[in-house]
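A.B. asks: Residues per chain are reported as follows:
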Amino acid sequence: RKEVEQDPGPFNVPEGATVAFNCTYSNSASQSFFWYRQDCRKEPKLLMSVYSSGNEDGRFTAQLNRASQYISLLIRDSKLSDSATYLCVVTSTSGTYKYIFGTGTRLKVLA
Amino acid sequence: DTAVSQTPKYLVTQMGNDKSIKCEQNLGHDTMYWYKQDSKKFLKIMFSYNNKELIINETVPNRFSPKSPDKAHLNLHINSLELGDSAVYFCASSPTGTGMEGYTFGSGTRLTVV
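Residue numbers (the numbering used here), protein chains in the order written: chain U, 1 to 111; chain P, 112 to 225.
Calculated cross-link-like contacts (lysine-lysine; reagent style DSSO-like; alpha-carbon spacing at most 27 Å):
(1) P:LYS163 x P:LYS130
(2) P:LYS130 x U:LYS42
(3) P:LYS182 x U:LYS42
(4) P:LYS152 x U:LYS108
(5) U:LYS108 x U:LYS45
(6) P:LYS147 x P:LYS130
(7) P:LYS120 x P:LYS178
(8) U:LYS45 x U:LYS2
(9) U:LYS42 x P:LYS178
(10) P:LYS120 x U:LYS45
(11) U:LYS2 x P:LYS152
(12) U:LYS42 x P:LYS133
(13) U:LYS45 x P:LYS155
(14) U:LYS42 x U:LYS79
(15) P:LYS155 x P:LYS120
(16) P:LYS163 x U:LYS45
(17) U:LYS108 x P:LYS147
(18) P:LYS163 x P:LYS120
(19) U:LYS98 x P:LYS151
(20) P:LYS151 x U:LYS45
(21) U:LYS98 x P:LYS163
(22) U:LYS108 x P:LYS151
(23) P:LYS151 x U:LYS42
These are calculated hints, taken from the structure and not from any lab test.
Okay, chain P solo, but in the shape it has when bound:
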């Protein structure tokens, strides 16, 4: 029973395309996140949603648009993909988003833009 599941696991696409990554959690958590891990392995927050409401929106190009149809799902749509978007994108969730608890991460989506 996967707690936080992301699809697809791998995504290879050409520059300029639009793609989406889906994330679902079955833990009953209120808060979900998108993180980007670049080639230097640095994990940086992109977005956070608490019960479908956007609460964190870091300095991310507006080509990236998150959508949370309900608190168990957080999807990420990327328009006009660029070479620099190549990275591993991790979805995560936490019970309340207060920062006092551990996060559960999905297994990641490895995006390669060619």
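Pulled out of the complex, with its shape left as it was, chain U reads as follows:
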């Protein structure tokens, strides 16, 4: 089983739709979780951290479910500019801290 797994998509949604992605992780001791966004041929950029109590940033909501070992990202009122690959990141706790990336979920918002 991969350490961090995501549905690769693509998720094709119309503008204005609500879309949600999940990401599962295998290490129950993981402490830190993030969502990154990567545009085509660009570097990953931090979208938001994921806190235990869940957190919201504008149209974006991130949730953590420790019991089932997954994190989620909800995007409301999708914009064309939201089209990108969304990368889930979990911090490994075995030895030195390091990011473990998921393979990403591709989102295409259609006009």
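Assemble chain P onto chain U, guided by the hints.
C.D. replies: Chain P alone, transformed into the frame defined by chain U:
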């Protein structure tokens, strides 16, 4: 003002050559990283340095040698390049390397070995 800058942006070279990629950050961060993103878009850590000290060295061929002359710079030298080394290499930095904070990535170096 670029926070994490890598050079070159593109690198096309023949098999067997030796090449270097440079990375510099002006954020005052303590920790820097090299990641490799392959053709399937999977990002995998290669190395990490904290204040010039190597702290992560994943299972990477020893043809790859990182060097950190100071905490603002982390360079990657690759000997005897192979076709399988073709990928995008991203440098990143974080404030402390505790895993609790976000990383800032450079724009990547697209390496093509022919």
